[in-house]
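Enquirer: In order, the protein sequence lines correspond to chains C and H.
Throughout the first sequence, residue numbering follows the working numbering, covering 10 to 413 in sequence.
Throughout the second sequence, residue numbering follows the working numbering, covering 10 to 413 in sequence.
To be clear, the hints were calculated from the coordinates, so they are not data collected in a lab.
Keep in mind that the hints are not guaranteed to be accurate.
Pairs involving identical chains hold if they fit within one copy or between any two copies, as the list cannot separate such chains.
[Claimed, not checked] Simulated pairs of lysine-lysine, BS3-like, Cα-Cα distance not exceeding 30 angstroms:
1. Lys275 - Lys295
2. Lys278 - Lys295
3. Lys275 - Lys19
4. Lys31 - Lys100
Fair warning: this is a prediction, and the values are worked out from it, not measured in the lab.
2 protein chains.
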Amino acid sequence: MVNVNGNYLKLRGSYLFSEIGKRVREYSAANPDKKVIRLGIGDVTRPLVPAVIDALHAAVDEMGAEETFRGYAPDLGYEFLRDTISRCDYKAKGCPIEPDEIFVSDGAKSDSGNIQEIFGVNNRIAVCDPVYPVYVDTNVMAGRTGVFDEAKGLWSNVVYMPCTAENGFAPELPKETPELIYLCFPNNPTGAAITKDKLQEWVDYANKVGAVIIYDAAYEAYITESNVPHSIYECEGARECAIELHSFSKNAGFTGLRLGYTVIPKDLKREGVMLHSLWARRHGTKYNGAPYIVQRAGEAVYSELGQAQVREQVAYYMRNASYILDGLKSAGFTVSGGVNAPYIWMKTPDGLSSWEFFDHLLSAANVVGTPGVGFGPSGEGYFRLTAFGRFEDTVEAVERIKKL
Amino acid sequence: MVNVNGNYLKLRGSYLFSEIGKRVREYSAANPDKKVIRLGIGDVTRPLVPAVIDALHAAVDEMGAEETFRGYAPDLGYEFLRDTISRCDYKAKGCPIEPDEIFVSDGAKSDSGNIQEIFGVNNRIAVCDPVYPVYVDTNVMAGRTGVFDEAKGLWSNVVYMPCTAENGFAPELPKETPELIYLCFPNNPTGAAITKDKLQEWVDYANKVGAVIIYDAAYEAYITESNVPHSIYECEGARECAIELHSFSKNAGFTGLRLGYTVIPKDLKREGVMLHSLWARRHGTKYNGAPYIVQRAGEAVYSELGQAQVREQVAYYMRNASYILDGLKSAGFTVSGGVNAPYIWMKTPDGLSSWEFFDHLLSAANVVGTPGVGFGPSGEGYFRLTAFGRFEDTVEAVERIKKL
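With the sequences and hints as input, model every part of the structure.
Expert: Shown next as structure tokens:
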């Protein structure tokens, strides 16, 4: 008789964003006249830029003609895209990442969920608290965690690194030594950034204890300060200890188009095995490549025109971020983030819990945000607002929140 | 110190098609003047049909306008596509599969590799021999198999069901009871089909022993005989024991566009748990949906115009299949398949091994096929040719093989 993967049964309720979606659908169904403004899930709202649209149309035409039709993509992604990424995202910034160290995928969510597969189940993970839920949930599914402590809101056999107002939302080196360290900077959900010096300390630590850092750089396009690194490979020694995840969702609005990439330097070995080979094997066995037309769209992001257009889009969202940050500050709220990231991390007023504030904000202001506690217990009493809305909606949302 | 997933290290060399690609690249590099004809990997060669191209262009335009832009897709896929699939692929054929039992994905390869995740690691799998390598390799990666026996070419703790000339390439019910049964009909690699009566026996067997059938229907569009089922849900009781995988790659040429779907009926439970819920959780946690534009392309396949055009394309490939089948038969080769499937399964001549014949065919006829042994030990002495080439190339390949 078949048994199911019992680790799945340990998971807590629904995936955070599914739960938010459900509550909003229920509220909207009961209140069809209310205009709900969504600053919750990190989904973008601006259309794809013209350079990307043009590249998509051109690639679609290629797929319709016998001479230019493309079937299965190369396992690791098309060379035209991997060459462009290597050149523009790395070599231009002084990071020696080669095209064949880049794996093109359908997005950073898949990669951040799947990457744990190449490691043994006995490795212990370290995560920030609060944290993007995918890192933890996918390790629960794999059996790499213990049981969930309802009272603490924490999994056993996971090293948590609290990010709180006291430490400026910057994790400290863990006291217990983990094997896999998930870091995301600029951070989702807190919007906090890390300086190059601080990140170098993490790289040095990982190399010292033999840990591997899984570095999620999905929000690097939002960095505005010069001492904040765009890639972990700007740090000395990162090629020996770090995997880096990238997304096209936030810098170029590809949330509905699906494209990302993962970098595994060939110098990164454990037990004498190149992690690059393991991930290549996974790609070759369980995946069949991102669509050709989407890879061409990704390439167009790096053209001169594409760069100008996506930078304008990022600036649009960062104007929202400033508006939220300044507006809520002036109204007396305690807020952070929003400078190198499209996320604003606010303290809930009047000692409300995160979900209490969620429900309150939804019903009283018709504004959707993300409850901080959904990202971990240190997020309790906090709330995440995103800068990905339309400017007019963002302005209206801030006005509504001010009036609460 | 990190350790790697040791199960990956048990895997045999490269993934079959990567190895073929490598040998062909090396041959072509050394013999740049030779025109190599590829009837190896099951990749299509016809361009996407006009109805699909039109749908893609229209959807791309939507993504470029603020009012119609789409971000993250719904977890299980867009309703417009799931409704269409439910109606056209199931209800029209008398199978009561609801839209919310359909999970849209980026292709059947991903799904057939990932589906094992929702089951415990102690379940024993049963596979046909020969078999599509992804079923076995992904279970090796998960630790569900034992060790590889080099002499036998088989994994321990796997139930193999030989498909040989003696049993007409139809698996018999296994003597040892497995928990997960992978079946693919019409079959890759042998091209054999299964009758509805025979498939009913499998469904009855699974229900009797509590097994789950993972039914890969990727090639159903090639069925020409009326007693061959297009879906396992045509069988009584399949809703209680079967998961079905579908691809848009072969019926509509989406190998480079990436789209597929998996059906898990809500009646399918084990240990009191709906497998549907587990797969929904996986989709929500590790995946972010197929691109909107690709889901619109998938919908267009079902339009009246789309259906007419993709059927013409399938007919094109089936003309190739007949040509290969008849040509090789008349030349004295022993061949099967090619009637309800785009694959022809040929016995290698002169007692050559599969790889010997591969190398011989590549160097003497410049034709690429797939060594049968790459699919399992019962494939030794066999060779797979695909009907997915251009007609002119297929004719030329057959002529070259005849002259060997």
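Enquirer: Now tell me if each hint is right for this structure.
Expert: Evaluation of the provided hints:
{"no.": "1", "hint": "Lys275 - Lys295", "in the structure": "both (21 angstroms within a copy, 25 angstroms between copies)"}
{"no.": "2", "hint": "Lys278 - Lys295", "in the structure": "both (22 angstroms within a copy, 25 angstroms between copies)"}
{"no.": "3", "hint": "Lys275 - Lys19", "in the structure": "between (35 angstroms within a copy, 21 angstroms between copies)"}
{"no.": "4", "hint": "Lys31 - Lys100", "in the structure": "between (44 angstroms within a copy, 29 angstroms between copies)"}
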